[in-house]
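Participant: Generate the whole structure from the sequences, applying the supplied hints.
Taken in sequence, the protein lines are chains A and B. For the first sequence, position 26 (counting from the first letter as 1) is numbered 26 according to full-length UniProt numbering, and the numbering increases by one without interruption. For the second sequence, position 137 (counting from the first letter as 1) is numbered 137 according to full-length UniProt numbering, and the numbering increases by one without interruption.
Simulated from the structure, these hints should not be mistaken for lab results. A quick note: this is a predicted structure, and the numbers were derived from the prediction, not measured. Just so you know, nobody snuck in bad clues.
A short, non-exhaustive set of chain B residues, derived as facing chain A with CB atoms under 7 Å: (1) R170; (2) S333; (3) L343.
In silico DMTMM-like cross-links for lysine to aspartate or glutamate, where the CA-CA straight-line distance does not exceed 20 Å: (4) B:K200 <-> A:D107; (5) B:K302 <-> A:D108; (6) B:K121 <-> A:D52.
Built from N, CA and C at the ideal position, the CB exists for glycine as well.
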Amino acid sequence: VCIHRVRSCSSFIKSKYVCVFDKSALKFSHQQRLFRTSAVSCGQIVQFKLSDIGEGITEVTVKEWYIKEGDSVSQFDSICEVQSDKASVTITSRYDGIIRKLHYSIDDIAFVGKPLVDIEIDASKGVASEEDVVETPPMSHEEHTHQEIKGHKTLATPAVRRLAMENNIKLSEVVGTGKDNRILKEDILNYLAKQTGAILPPSPKAEIVPPLRKTEAVPAAPKDKARRVPVPVSRPIAFSGKDKTEPVTGFQKAMVKTMNAALKIPHFGYCDEIDLTQLVQLREGLKPVAEIRGVKLSFMPFFIKAASLGLLQYPILNASLDENCQNVTYKASHNIGVAMDTEQGLIVPNVKNVQVCSVFDIAVELNRLQSLGSAGQLGTSDLTGGTFTLSNIGTIGGTYAKPVILPPEVAIGALGKIQVLPRFNGKGEVFKAQIMNVSWSADHRIIDGATMARFSNLWKSYLENPASMLLDLK
Amino acid sequence: MVLQSLKNCFWLSCVLRTPKACFWSTASGGLIIQSVSNDVYQNLAVEDWIHDHMDLEKQQVLFLWRNSPAVVIGRHQNPWQECNLRLLRQKNIKLARRRSGGGTVYHDLGNINLTFFTTRKKYERMENLKLIVKALKALRPQLDVHVTDRYDILLDRQYKISGTAAKLGRTSAYHHCTLLCNADKFVLSSVLKSPYKGLKSNATPSVPASVKNLFEEDSSLTSEILLDAIAKEYATQHQIDHHITLINPADETLLPGISNKTKELQTWEWVYGKTPKFSISTYLNMAYKDSVLDVKVNMDVKHGRIEVCDIDLPEQWLPPGLYSELVKSLTGSKFCPNETTTLVTTLLRVHPQDDELHSRWSLLCENMIMLM
Numbered sequence: 001v002c003i004h005r006v007r008s009c010s011s012f013i014k015s016k017y018v019c020v021f022d023k024s025a026l027k028f029s030h031q032q033r034l035f036r037t038s039a040v041s042c043g044q045i046v047q048f049k050l051s052d053i054g055e056g057i058t059e060v061t062v063k064e065w066y067i068k069e070g071d072s073v074s075q076f077d078s079i080c081e082v083q084s085d086k087a088s089v090t091i092t093s094r095y096d097g098i099i100r101k102l103h104y105s106i107d108d109i110a111f112v113g114k115p116l117v118d119i120e121i122d123a124s125k126g127v128a129s130e131e132d133v134v135e136t137p138p139m140s141h142e143e144h145t146h147q148e149i150k151g152h153k154t155l156a157t158p159a160v161r162r163l164a165m166e167n168n169i170k171l172s173e174v175v176g177t178g179k180d181n182r183i184l185k186e187d188i189l190n191y192l193a194k195q196t197g198a199i200l201p202p203s204p205k206a207e208i209v210p211p212l213r214k215t216e217a218v219p220a221a222p223k224d225k226a227r228r229v230p231v232p233v234s235r236p237i238a239f240s241g242k243d244k245t246e247p248v249t250g251f252q253k254a255m256v257k258t259m260n261a262a263l264k265i266p267h268f269g270y271c272d273e274i275d276l277t278q279l280v281q282l283r284e285g286l287k288p289v290a291e292i293r294g295v296k297l298s299f300m301p302f303f304i305k306a307a308s309l310g311l312l313q314y315p316i317l318n319a320s321l322d323e324n325c326q327n328v329t330y331k332a333s334h335n336i337g338v339a340m341d342t343e344q345g346l347i348v349p350n351v352k353n354v355q356v357c358s359v360f361d362i363a364v365e366l367n368r369l370q371s372l373g374s375a376g377q378l379g380t381s382d383l384t385g386g387t388f389t390l391s392n393i394g395t396i397g398g399t400y401a402k403p404v405i406l407p408p409e410v411a412i413g414a415l416g417k418i419q420v421l422p423r424f425n426g427k428g429e430v431f432k433a434q435i436m437n438v439s440w441s442a443d444h445r446i447i448d449g450a451t452m453a454r455f456s457n458l459w460k461s462y463l464e465n466p467a468s469m470l471l472d473l474k
Numbered sequence: 001m002v003l004q005s006l007k008n009c010f011w012l013s014c015v016l017r018t019p020k021a022c023f024w025s026t027a028s029g030g031l032i033i034q035s036v037s038n039d040v041y042q043n044l045a046v047e048d049w050i051h052d053h054m055d056l057e058k059q060q061v062l063f064l065w066r067n068s069p070a071v072v073i074g075r076h077q078n079p080w081q082e083c084n085l086r087l088l089r090q091k092n093i094k095l096a097r098r099r100s101g102g103g104t105v106y107h108d109l110g111n112i113n114l115t116f117f118t119t120r121k122k123y124e125r126m127e128n129l130k131l132i133v134k135a136l137k138a139l140r141p142q143l144d145v146h147v148t149d150r151y152d153i154l155l156d157r158q159y160k161i162s163g164t165a166a167k168l169g170r171t172s173a174y175h176h177c178t179l180l181c182n183a184d185k186f187v188l189s190s191v192l193k194s195p196y197k198g199l200k201s202n203a204t205p206s207v208p209a210s211v212k213n214l215f216e217e218d219s220s221l222t223s224e225i226l227l228d229a230i231a232k233e234y235a236t237q238h239q240i241d242h243h244i245t246l247i248n249p250a251d252e253t254l255l256p257g258i259s260n261k262t263k264e265l266q267t268w269e270w271v272y273g274k275t276p277k278f279s280i281s282t283y284l285n286m287a288y289k290d291s292v293l294d295v296k297v298n299m300d301v302k303h304g305r306i307e308v309c310d311i312d313l314p315e316q317w318l319p320p321g322l323y324s325e326l327v328k329s330l331t332g333s334k335f336c337p338n339e340t341t342t343l344v345t346t347l348l349r350v351h352p353q354d355d356e357l358h359s360r361w362s363l364l365c366e367n368m369i370m371l372m
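Facilitator: Here you go:
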């Protein structure tokens, strides 16, 4: 049975009702949990009644349970949320123990003063003396699990305390950001990060990132959520992280479907480097003109238009192979897809009929698609009907890539970043060139290397000498 | 009225967990703070922070805040039932779910929000509302305003100018309410009207009411004047200085942990995922070629995700394989137009390209997405 200790007046910290036996109970229960499977649970079952809500309210509606039968709870953990007349009340546990029975279901009416849940409290509870903080490493078990500073207990669940102990951390040094200043697992992680200078991943399932030399770009994806720049960790950290399994849904599900279909396509790759020195200058000059017209002009509209001009000469790259590989359909429209990285994941809207659009038209349409994409408001027509795709992974980084074709298309191009590199001109002099790499992938069932190479050369020539685009513009 | 920057105020050192001797004992009774931000998530996060971290035993707090256009639903409400989500997305109006109960409200800069923080024991909504009415009457004695037993404030006995909600925790509680000064009533009524049909749920429903702005009653009233009058009355009743401390909800040093709280309030899991389980039973009216198809749709949505999905299409209207793939794809996915659009457009990629199929598919999917 707990005794409530009234907090001292000199503290301005939120009042905590602490059970004198609390610390020891927690300590023992922490240890006991390790042996729980072998011991027969013979704790006392206490009926936790719904306490007074105030304002003379006698009944409330149960809206959400935060725990279920069989869960273990600590004192002050949230048990459920009830509602009464525009007031939402969080009911917290007065005990440590295991939930044995929920007396109500969601939307039931619960009564003040009547049992809400049954909690089995741990039978064995000894009295342990309160210990002050002692600065002698290594820390003794007690100091890690429950520390006292000048009469104030630090709140933390057994799991958090275990984590602190495993990493030799004094709870008193950690700033708690949870309810009632309780120390959360994130607080321990942040503390550790500050100690080692390492950037710790927020979830235990972070991947080991391989050195970024060749971007093995998964699909045409400029997005790579799991990748973070690896920061060298100065010393190994003992970490009690747990694997987390969750179902594949939403955007990930869509990617799984697309990529499984793409597997059926035999891909071949073809890469090249493009000297964009002239295009960079041209765009600098045209950017303000576009701005006056209210449009942001990037390099993409040029890349897209040049691709369309190329497709006019090599229409097989804008085709589709039927399921039985019996027929090839040459698509009349050049609906060029642009891979976009949004908060939720990869999406590929397309610009319709590029063959009849000017570079400016394409820029306008791209602006529209980009703002809809970032707001999560792209429509079905924007996302279907694509015939050819470009992925500008270079805005994030990378040089060469290995893009994956998006069925039912037969080709895709990934554009790396523009780098300033030394090159030789016709006179054998070194000059500063703006170099970008392009990596094409094509369906080898109907496209051969020569076709891809010639298309790429044509596309390259339009971009290296933008004035030549004028000759072929329709 | 004196606005004091927080740098000069020591009150925060008193409430952080490192106990320090401070001048706290000279302050008494109450504290009035005002947010410099108009971001609904940041302001709601401040409420959470004060609720979780401040000791209200000796000092009660009045928090004043205003938001740029946003719809705020109560803790246990269903946003599809309460507002026109399509319109919100179009107009870029934010949607937030607060932690207190009650109904849905529309906020813009013409609406002021007042939060009264007390200990759980001192939680008393009537007193707070009476304070507001007293302040209004002191300002403009001719105003006919009074508090109803539903905790609303009515103007001229018929127009609602304030709605109330509350949150009670273990040791502290807050009561917040709105006050309509000069909000855009046209936008208010259009966003708070749900176009979604066939919804069945146990979520808390809102009670619609006729509203009126105080500005319409007396055009000399502004938000600032009203805020000041209420602060003055609060100061009088709590016997404190009539000054308002400004706080910046983005200041992590001042309010440690606040950015996490702000982020949490913006997550899909909180805003949509906390919707109590509901079902939809409705008809899609699809105009296809020369006829109109009435297609019955039944869906169960739990935690904002589609648990069950059943679409009663005419036989062979879609190849059966494709229909079952559609249902399989939707099951477990968010009840959200963006996610659904991505899934359905992907499914089309991996199926034989047939113009007829393509147009039927697009028609069905667009109609389904309209339900979200």
